[in-house]
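Keeping their order, the protein sequence lines are chains A and B.
Heads up: the first sequence is residues 1 to 359, going by the working numbering.
Heads up: the second sequence is residues 1 to 359, going by the working numbering.
It cannot be assumed that every hint is accurate.
When chains are identical, the list treats them as one kind, so a pair holds in a single copy or across two.
[Said to hold, decoys possible] Within a straight-line C-alpha distance of at most 30 Å, the following computed DSS-like cross-link-like pairs (lysine-lysine) qualify:
#, residue 1, residue 2
1, Lys180, Lys4
2, Lys49, Lys29
3, Lys335, Lys49
4, Lys162, Lys270
5, Lys177, Lys100
Everything labelled a hint here was simulated from the structure, so no lab data went into it.
Number of protein chains: 2
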Amino acid sequence: MADKIQICIIGSGSWGSAIAMIVGANATKFDEIDDRVTMFVFEEIVNGKRLTDLINSTHENVKYLPGHQLPSNVVAIPDIVDAASTADILVFVVPSLYIKNFCASLLGKIKPTAVAISLIKEFDKAEDGGIDLISHIITRHLKIPCSVLMGANMVDEVAEGKFCETTIGCRDIKYGKVLKNIFQAENFRVSVVDDVDATEVCGALKHIVSCGAGFMDGMNYGDNSKAAVIRVGLMEMIRFVDTFYPGSKLGTFFESCGVADLITNCFVGKNRRLSEAFVRTGKPFSELEQEMLGGVTLPGPFTAGEVNHMLRNKNVEDKFPLFTAIHKICIGELKPSELLESLRSHSDDIYHPSQLIPL
Amino acid sequence: MADKIQICIIGSGSWGSAIAMIVGANATKFDEIDDRVTMFVFEEIVNGKRLTDLINSTHENVKYLPGHQLPSNVVAIPDIVDAASTADILVFVVPSLYIKNFCASLLGKIKPTAVAISLIKEFDKAEDGGIDLISHIITRHLKIPCSVLMGANMVDEVAEGKFCETTIGCRDIKYGKVLKNIFQAENFRVSVVDDVDATEVCGALKHIVSCGAGFMDGMNYGDNSKAAVIRVGLMEMIRFVDTFYPGSKLGTFFESCGVADLITNCFVGKNRRLSEAFVRTGKPFSELEQEMLGGVTLPGPFTAGEVNHMLRNKNVEDKFPLFTAIHKICIGELKPSELLESLRSHSDDIYHPSQLIPL
Chain A
1 MADKIQICII GSGSWGSAIA MIVGANATKF DEIDDRVTMF VFEEIVNGKR
51 LTDLINSTHE NVKYLPGHQL PSNVVAIPDI VDAASTADIL VFVVPSLYIK
101 NFCASLLGKI KPTAVAISLI KEFDKAEDGG IDLISHIITR HLKIPCSVLM
151 GANMVDEVAE GKFCETTIGC RDIKYGKVLK NIFQAENFRV SVVDDVDATE
201 VCGALKHIVS CGAGFMDGMN YGDNSKAAVI RVGLMEMIRF VDTFYPGSKL
251 GTFFESCGVA DLITNCFVGK NRRLSEAFVR TGKPFSELEQ EMLGGVTLPG
301 PFTAGEVNHM LRNKNVEDKF PLFTAIHKIC IGELKPSELL ESLRSHSDDI
351 YHPSQLIPL
Chain B
1 MADKIQICII GSGSWGSAIA MIVGANATKF DEIDDRVTMF VFEEIVNGKR
51 LTDLINSTHE NVKYLPGHQL PSNVVAIPDI VDAASTADIL VFVVPSLYIK
101 NFCASLLGKI KPTAVAISLI KEFDKAEDGG IDLISHIITR HLKIPCSVLM
151 GANMVDEVAE GKFCETTIGC RDIKYGKVLK NIFQAENFRV SVVDDVDATE
201 VCGALKHIVS CGAGFMDGMN YGDNSKAAVI RVGLMEMIRF VDTFYPGSKL
251 GTFFESCGVA DLITNCFVGK NRRLSEAFVR TGKPFSELEQ EMLGGVTLPG
301 PFTAGEVNHM LRNKNVEDKF PLFTAIHKIC IGELKPSELL ESLRSHSDDI
351 YHPSQLIPL
């Protein structure tokens, strides 16, 4: 029993709960994995009861993923150290904002042999003026390797068991196989690549592009122009990885974490939806976040700001005209209609990455 | 006057008429281009009048692009030889079905120095059991070079002057510059590449993938699974070009003719729409074409059939599980739900082209 792999899911939002449905089911399938999967739940009171008690008695996350049954071997625990201290695999799926605090809570309290995997599709700002990848933060703080899982995985559809693909970025092939067993399901098809950084960067950068797609929708500029935003956005994603993450692979953009996640978000994501409303209503994002997301920060404008902070510091804003225009539209420095200028002024030549491993 | 470049548009459907709006306007802008643009119109009687007379008097193609004004320098001509005999640039935009007949009509009747450009996004079947590119047919029959223009260009939006990008594939840089002048407009952004075959192949293969996207919509399988179809479809498009058009360029897939046109068609094209109806109604495509397209052949199932004919003859069906499954669904040999199997059984590894010029 002690030798079995223990899994802890850190986070219990809608995505954390949906992935707990798959991980919980897989834990009972594989002999080498401990049936009991712990889930750290930030405690709150829902309908007069503690959320952890509700989850453990009803096996439903009534607040964040109502209507879906969690496997009964997924155990909600309100103390992060209690949940994680004996785990061999830590699945991080919390808002990026809290990642450093959670790492601080876990420091020295986890198994030194544990490994992490981040499902967080955002960046953090780095102190050197750039951006910081969540997987890097976890590794730096906890001194453990950190993989990532990213893909075209709209949460509701994953919870409903509809087919999708996803990408795990993992540097170590041995862990990669274990992680695949933990996450793969009949309708959740996992590909494992060793290109961790590009996998994670794709997951975050697509938020920016999908704001651009939403602006086009808001202006009724049509599907051709939206396709142009997606195409040019993909080009800038490749340029970004080529510039800042040399040695990454072009092939990663063809995985679910790349082109597929980008497409899905540009057509059905919340960045698209709020960006369309931004144009139609003229309200700032802060107001739309209150009205449409209950105060949750929209990742698109936030990521666009972080990336622009980096591009400005490195003096390469002009190499990323679309990312730059989207950021300036988000903060009100440019009119949405000026997004077209960034497409018209874009270089005619297809970008040829010089520091990526070719397909 | 005699030295000015004369343009003839062969075809007057909705796409031919929309492109005539741009080409006609450009003809009056450039000194080296003759103002008068001829348009071969297959004569028919509309509201008791000849369509050519209607176009030449009202400057509107009332049958195929109603509500949009053609420039008055675009002259409709019912005889293909009259329209094309003195032209330096022949713009082909007719159904692929008729291309050989039109070439036969033009043989020996055009300027030997003329060049062609095809806007036809379909294949023809070749006698050797493979497929034939329309640009190859034109070159073979008329002994003139043939470029292509392909991209995310939904016709209604082009006619409305909404922004889009497009790709011209042209082997000769000198012609490429002239073609760019003829087609580029403020809201019709042209990139010229020298990779003609891949540009054309992308334009036709996307029809197949967009049927797959429509099947997913018809089954309510959600946006994640649709993104998986698009991603795997893009992979098979690359594999197809790598296998049958060695020496093509990976970069072409990142142009508007590649990923952008693919995306647009998977979300808003008629292949998607009829494929969704195919699943929901259970009617064969032949019946849906009558009901929804007035009897016009849908390019998706048609192209899927042509490509499958080739894949079978070359014994490589198993290398293209998605294309093969889509074809078999179109002809009723597989159930739409079995499309998922082609995604599940797809190789985990990203395809690495061996005969393409890398990005």
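Hint by hint, here is what the structure shows:
1. Lys180 <-> Lys4: The answer is within: 16 Å in one copy meets 30 Å, while 65 Å across copies does not.
2. Lys49 <-> Lys29: Neither. Shortest intra-copy (32 Å) and inter-copy (73 Å) distances fail the 30 Å Cα cut-off.
3. Lys335 <-> Lys49: Neither: 47 Å inside a chain and 48 Å across chains, both beyond 30 Å.
4. Lys162 <-> Lys270: The answer is both: 19 Å in one copy and 25 Å across copies each meet 30 Å.
5. Lys177 <-> Lys100: within (28 Å within a copy, 55 Å between copies)
Hint violations for this structure: numbers 2 and 3, all remaining hints satisfied.
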